[in-house]
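Put together the whole structure using the sequences plus the hints.
First residue of the sequence shown: 388, per our numbering; consecutive thereafter.
Hint data in this document are derived by calculation from the structure and do not stem from the laboratory. Bear in mind the structure is a predicted one, so any value in this text is a computation, not a measurement. Beta carbons: idealized from backbone N, C-alpha and C, even for Gly. There may be inaccurate statements among the hints.
Said to hold, decoys possible - Here are the simulated lysine-lysine pairs, PhoX-like style, with alpha carbons at most 25 angstroms apart:
1) 399 to 389
2) 441 to 399
3) 412 to 399
4) 441 to 389
5) 482 to 412
6) 399 to 475
7) 481 to 412
8) 482 to 389
9) 441 to 481
To be verified - Per label pair, the in silico range of CB-to-CB distance:
10) 404 to 468: 16 to 22 angstroms
11) 441 to 400: 29 to 35 angstroms
12) 461 to 415: 14 to 20 angstroms
13) 395 to 429: 14 to 20 angstroms
14) 454 to 434: 15 to 21 angstroms
15) 480 to 411: 17 to 23 angstroms
16) 396 to 429: 21 to 27 angstroms
17) 409 to 389: 25 to 31 angstroms
18) 480 to 441: 17 to 23 angstroms
19) 436 to 482: 14 to 20 angstroms
20) 438 to 481: 21 to 27 angstroms
21) 431 to 466: 22 to 28 angstroms
22) 403 to 430: 22 to 28 angstroms
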Amino acid sequence: MKDNIPLINQYKHLLNEVLPASFTKPVRHNHCFNRIVLDWLFQDVWYQHLDRSKTAISQLDQIQLQRMIERMEQWLQNPDLLFEDNRKSLTWRKK
Numbered sequence: 388m389k390d391n392i393p394l395i396n397q398y399k400h401l402l403n404e405v406l407p408a409s410f411t412k413p414v415r416h417n418h419c420f421n422r423i424v425l426d427w428l429f430q431d432v433w434y435q436h437l438d439r440s441k442t443a444i445s446q447l448d449q450i451q452l453q454r455m456i457e458r459m460e461q462w463l464q465n466p467d468l469l470f471e472d473n474r475k476s477l478t479w480r481k482k
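Next comes the structure, spelled out in structure tokens:
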């Protein structure tokens with residue numbers, strides 16, 4: 388987990404500061420970005436793959452964290468990816 392601290396800090400910065408400042412639609416809250424990127428990572432509802440009694444971030448390895456950071460950065464470059472990932476997340480959740 389200690390090795391993941393720089394990645395976790397980068398992830399939290401994107402999640403809590405950069406993305407909410409960059410988007411207002413279709414989502415704007417950090418928990419929404421978190422849902423979307425975690426569902427994207429697992430290509431399914433994330434809590435079907437992780438222990439819900441623990442924080443999701445604490446259960447991810449370096450490769451998973453890096454993939455999520457890269458995807459969040461891709462959203463900033465191409466917002467349509469965020470919209471697409473949100474639609475997929477909602478579909479997996481049957482919403």
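Hints, one by one, checked against the model:
| no. | hint | verdict |
| --- | --- | --- |
| 1 | 399 to 389 | holds, 15 angstroms |
| 2 | 441 to 399 | holds, 17 angstroms |
| 3 | 412 to 399 | holds, 20 angstroms |
| 4 | 441 to 389 | holds, 17 angstroms |
| 5 | 482 to 412 | holds, 17 angstroms |
| 6 | 399 to 475 | holds, 23 angstroms |
| 7 | 481 to 412 | holds, 20 angstroms |
| 8 | 482 to 389 | violated, 37 angstroms |
| 9 | 441 to 481 | holds, 24 angstroms |
| 10 | 404 to 468: 16 to 22 angstroms | holds, 19 angstroms |
| 11 | 441 to 400: 29 to 35 angstroms | violated, 22 angstroms |
| 12 | 461 to 415: 14 to 20 angstroms | holds, 18 angstroms |
| 13 | 395 to 429: 14 to 20 angstroms | holds, 18 angstroms |
| 14 | 454 to 434: 15 to 21 angstroms | holds, 18 angstroms |
| 15 | 480 to 411: 17 to 23 angstroms | holds, 22 angstroms |
| 16 | 396 to 429: 21 to 27 angstroms | holds, 22 angstroms |
| 17 | 409 to 389: 25 to 31 angstroms | holds, 30 angstroms |
| 18 | 480 to 441: 17 to 23 angstroms | holds, 20 angstroms |
| 19 | 436 to 482: 14 to 20 angstroms | holds, 19 angstroms |
| 20 | 438 to 481: 21 to 27 angstroms | holds, 22 angstroms |
| 21 | 431 to 466: 22 to 28 angstroms | holds, 23 angstroms |
| 22 | 403 to 430: 22 to 28 angstroms | holds, 24 angstroms |
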